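Undergrad: Each chain is listed here by its residues.
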Amino acid sequence: MNASHHLVIIALLSAAVQSGTILLFPTIGEIFAERAGILNLGVEGMMIVGALIGFIVTYVTKNPYLGFIVGTIAGGLTALIHAFVSITLRGNQVVSGLALTIFGLGFTNFYGQRWINLKLNVTPSVLPIPLLSKIPFIGPIFFKQDALVYTSYIVAIVMWFILYKTKVGVHLRATGQNARAADAMGVNVYATRYWWTFFGGLLAGAGGAYLTIGYASFWLDGMTAGRGWIAIALVIFAMWDPLNAMIGAYLFGGIDALQLQLQAIGVTIPSSLLNMLPYLLTFIVIVIATLVVRMKHISAPKELGIPYNREEK
Amino acid sequence: MLRFEKRETTPASLKFIVPTVSVIIGLIIGAIAILIKGVNPLHVYNALLIGAYSSKYTFSETLVAATPLILISAGLILVFKMNFWNIGAYGQYIMGAIFSSYFAIFWSPNIPKPIMLTVMVIAGMVGGAIWAVIPALLKAYWEVNEVISTLLLNYIALFILKYFMYGTWRDPLSHGFPLSKPFPNNAQLPRIIPHTRVNLGLIFGIIAVIVIWIILKKTKFGYEIRVIGENARAAHYAGINVAKNIVIAMAISGALAGLAGMVQVSGIIHLLQIKINPDYGYTAIIVAWLAYLDPIAASFVAVLLGGLASGGYQIQIVMHVPFGIVNVIESSILFVLIGSEIFTKYRVHFERKKPIPVSKIGGE
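These protein sequences, in sequence, are chains F and A.
So for the first sequence, the numbering used here puts the first residue at 1; every next one is plus one.
So for the second sequence, the numbering used here puts the first residue at 1001; every next one is plus one.
Hints listed in this document are in silico derivations from the structure and should not be mistaken for laboratory results.
Check before you lean on any hint, since a few could be wrong.
Stated by the list, open to error - Covered stretches of chain F (chain A as the covering partner; in silico rule of three or more C-beta atoms under 8 angstroms from a C-beta of chain A):
#	segment
1	89 to 98
2	101 to 111
3	149 to 157
4	231 to 240
5	260 to 273
6	276 to 282
If you're wondering where the values come from, they're calculated on a predicted model, not measured in any experiment.
Heads up, the beta-carbon is just placed ideally off N, CA and C, and yes, glycines get one too.
Start from the sequences, fold in the hints, and give me the full structure.
TA: Structure, rendered in structure tokens:
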């Protein structure tokens, strides 16, 4: 392999990490909502709200970090609709989540029109990390990125630690496995579920905001293009583990980067088939992941999607 | 403090009041959204009503939009009753359109019309059914989550459609646009109301509603579906073949969505293109829920939401109000409806706060 090939591969994998970051945030968020027992199928809707709001704030203030934070919060606030309907009112979580996706896509179509065809002239700058970025191969791929990508690494590691090594994590897992037992342990089931649903929305918003601010630099109607659903699929692939989510997100980021690269160099495969690749692969992976999860006797949180009623029984 | 007491049955009046109130609240939320944009919501709603119900022609366009909603929701009701979440009507509709268009594009225009249309109807239903049976089999035998699998198949179907439209199915005379050649007369569904686009598809829809109603009320299959919906495990122990029922119900559901796609290309647009409105597949989910999974009620709800859709296209053209407002209204209706389950399933009492007796904590 000569030097130029080497650079192409590094550029491709670096793009894979960026594309994967769009998925990593929402996948981790959904893992925690599901761990608390709340299935939120509105990831696509929350992402696209975060994407639009993040774009607008960045465009107006010329501060990508502020845009990212506000986009993140916008995703969290969107999730509160689902939290209220499914936790307080004990509504059907599948339908409520779908409604959230329809809402997010409609909301951003309705308010987003005047932001189409504008380009951000500020992007989060690349900050090579001293020493780490000098590691051959790995360094330029993972440690020559912007601050938002680094944020996603920190979130994945910190959330893994919280999930498995802290009391908060124990309470969270108990809530999703057996809410009544968690209640008896003194856990406030409703508050726990509200918080983690909100948290899931925050990270979905973050993924969307990264899409417009860090990745694309423009706003397009419906631009999340099903990434929210891929993130939900990755939750199963990751077996509800935030560190596994990194593997899944970068794998799919890699497919996305690869198909864009193939289109850019003008291979003869039709672009519609290349565009299909991430969805087709997710479909195949979800089948395999389901079989593996079953073989390993890992299951989804036992009370996933089941509303808790403190007074019943 | 609120206390909830479980209801034995939901009063029929609530089944009418709750959806009605949901629609009203949905419209109010939509109005607020329009107001925030600096547009007068009354003007928008007025235009929407005019665009949906004011004249024979606009009402006929509402029926045109209601037709696929009636067909798709009838099938969705069947699978939703067994708690199988078919979110894939979007893709099944596209596959139905592709399968049926094949014959319209590549078969001779001289084939007698009844034969051609029969072939296209069957092809559309087979296309939709195939796309629905894949996730049904995966769910029935391997427990693959059907929400995710049906959704991903939607995107895959869309890219298959794009592949054909940018590839071999594109009309050389289309100036590079992704359009097939226009369907010859023998591949066009007859229109049943003169000077409108209302076509035989509406009759298909009415037949579908009756068939689904009969299946649910009068057949063993319908009975098993309801038992599975109430408790799949109990149904299994009672000797019901759950997997088989899932696959058959999904085949029917997919076939009806595929038929809706066929009706759209053969009865309305008369060619195949990328924009064939598969979003009906999502709207039909809302129709099914607003109707509390009753196929006959669903056909009326379909006319209501069909009006919202066709009125929505009108306000987009006339007032430049983006179509997204329709989705905001629809989702708000759905949130209120789902949130109101607590009132249909429970009797709500207001009382002063008191601690939960210790015996109720952790006890089974």
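Undergrad: Each of the hints needs a verdict: does it hold here or not?
TA: Tested hints:
1. 89 to 98: holds (count 8)
2. 101 to 111: holds (count 9)
3. 149 to 157: With 0 residues close enough to chain A, the hint is violated.
4. 231 to 240: Coverage by chain A holds for the segment 231 to 240 of chain F (3 residues, Cβ < 8 angstroms).
5. 260 to 273: holds (count 4)
6. 276 to 282: holds (count 4)
The structure fails to meet hint 3 from the earlier list, while all remaining hints are met.
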